[in-house]
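Listed below, chain by chain, are the residues.
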Amino acid sequence: MPVASASRPEVTDAPVAPSFESLIELYQPAVYRFLYRLCLGNGHDAEDLCQETFLRAFRAFGSLPPDAHHRAWLYRIAYNLFLNGRRRPPMAELPEDLAGQQHDRDAAELVGEIGQFVTTLPPKQRAALILRHVEGREYCEIAGVLGCSEDAARANVFQAVKKIRARFAKEYADG
Amino acid sequence: MADVFEEALREAFPAPPSAPPLRVAYWDEMDSPIGTLRLATGEDGRVRLISFWRSEGGFVDELLSLGSIPIRDKRHNDALKRQLDEFFEGRRRRFELDVDLSRVAPFTRAVLETTARVPFGGWDTYGGIAAKLGVPRAARAVGNALGANPVPIVVPCHRILAAGGKIGGYARGLSYGLDIKRKLLGIEGAALV
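Protein chains in written order, with this note's numbering: chain B, 1 to 175; chain W, 1 to 193.
Just so you know, these hints were derived from the structure itself, not from any lab. Careful: at least some of the hints might be erroneous.
Claimed, not checked - Taking lysine to any residue pairs in the SDA-like style, the calculated list, with each CA pair at most 20 Å apart, reads:
1. B/Lys124 - W/Arg10
2. B/Lys163 - W/Phe5
3. B/Lys170 - W/Phe5
4. W/Lys74 - B/Phe20
5. B/Lys163 - W/Val4
6. B/Lys162 - W/Glu7
7. B/Lys163 - W/Lys81
8. B/Lys163 - W/Lys74
9. W/Lys74 - B/Ser22
10. B/Lys162 - W/Glu6
11. W/Lys81 - W/Ser32
12. B/Lys124 - W/Gly168
13. W/Lys74 - B/Lys162
14. B/Lys124 - B/Ser22
15. B/Lys163 - W/Ser32
16. B/Lys170 - W/Pro20
17. B/Lys162 - W/Lys81
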């Protein structure tokens with residue numbers, strides 16, 4: 001009967017918890033990028049929120065299951081801090097000239113106007129839209145970040161897209 | 001959504017150039033003549049926290065309250081440990097280290113910066129520091145500020161005594177704090193009253 005070598009490490013299927021330092025290395029750039037987009041390009045706010053995200057994460061890390069989806073967990077902390085933060089800019093008012101349809105709009109203007117329009121969306125829809133259509137995340141991960149069901153995550157993305165389509169119906173038809 | 005909008009959306013939310021570094025504190029422990037020292041150096045290479053009286057948990061909590069993410073690591077504290085060893089052996093009179101006082105109140109920082117100029121083997125008083133700062137009646141406030149020193153020994157708050165050269169206080173009233181203060185002054189050969 002073969003006997004396992006004593007020097008060979010035991011192989012198990014149990015997930016191995018990463019160190020907190022490795023989480024920083026793996027996910028800090030992505031968490032910062034997500035916050036930077038949520039904060040509409042305000043790097044200072046994104047930096048502060050990113051620092052606070054990892055401080056909170058450190059405190060909770062010990063009680064996290066080893067098989068947790070770490071990126072979604074960190075994104076969720078970041079998203080909640082963004083929601084609760086008082087420093088984030090208030091929901092933007094939609095400029096008057098965006099309400100009407102403009103036919104001679106060049107691409108750069110369109111980009112700026114879409115970006116500005118997204119700031120008028122409720123935070124959950126804004127985050128869902130960024131996660132899905134800018135970062136390309138799966139709905140199950142988006143649901144984990146937003147703290148909702150996968151269906152609700154789909155609904156938030158759907159509502160955001162629907163509003164953009166309605167606002168930019170002319171360009172959508174041209175595109 | 002049509003591609004034109006997907007593209008416009010990605011352009012409207014561009015990725016930032018790069019993520020700025022997190023505020024991290026690499027911490028470690030060392031044995032010393034005054035007991036176990038816990039030390040932390042920041043990601044920027046500046047000494048952030050030194051303690052001989054906090055437990056491991058208390059030390060980590062203090063780092064968190066200073067806004068630093070604690071990472072257990074030996075390498076980043078090499079220079080600090082070497083210089084402290086040299087100090088305890090009486091071979092170093094002056095630390096060549098940058099310290100991080102960015103999280104202390106302005107008055108405390110002024111007190112600590114003035115304290116840092118008291119030389120090895122010398123001493124001053126709470127009132128003397130207050131006078132140097134132009135607030136001669138603020139001796140008690142100076143004492144409180146020294147109690148908030150995040151980097152004792154490197155910023156030598158043990159060199160600040162009570163009026164007349166009496167030993168005064170140390171380590172926020174810790175029971176064995178005065179013994180440590182006397183020991184540090186003894187290492188420096190300070191002539192006490």
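Do the hints match the structure? See the list:
no.	hint	result
1	B/Lys124 - W/Arg10	18 Å, holds
2	B/Lys163 - W/Phe5	12 Å, holds
3	B/Lys170 - W/Phe5	12 Å, holds
4	W/Lys74 - B/Phe20	16 Å, holds
5	B/Lys163 - W/Val4	16 Å, holds
6	B/Lys162 - W/Glu7	16 Å, holds
7	B/Lys163 - W/Lys81	60 Å, violated
8	B/Lys163 - W/Lys74	53 Å, violated
9	W/Lys74 - B/Ser22	16 Å, holds
10	B/Lys162 - W/Glu6	13 Å, holds
11	W/Lys81 - W/Ser32	10 Å, holds
12	B/Lys124 - W/Gly168	57 Å, violated
13	W/Lys74 - B/Lys162	54 Å, violated
14	B/Lys124 - B/Ser22	29 Å, violated
15	B/Lys163 - W/Ser32	66 Å, violated
16	B/Lys170 - W/Pro20	40 Å, violated
17	B/Lys162 - W/Lys81	61 Å, violated
Consistency note: the structure conflicts with the earlier hints numbered 7, 8, 12, 13, 14, 15, 16 and 17.
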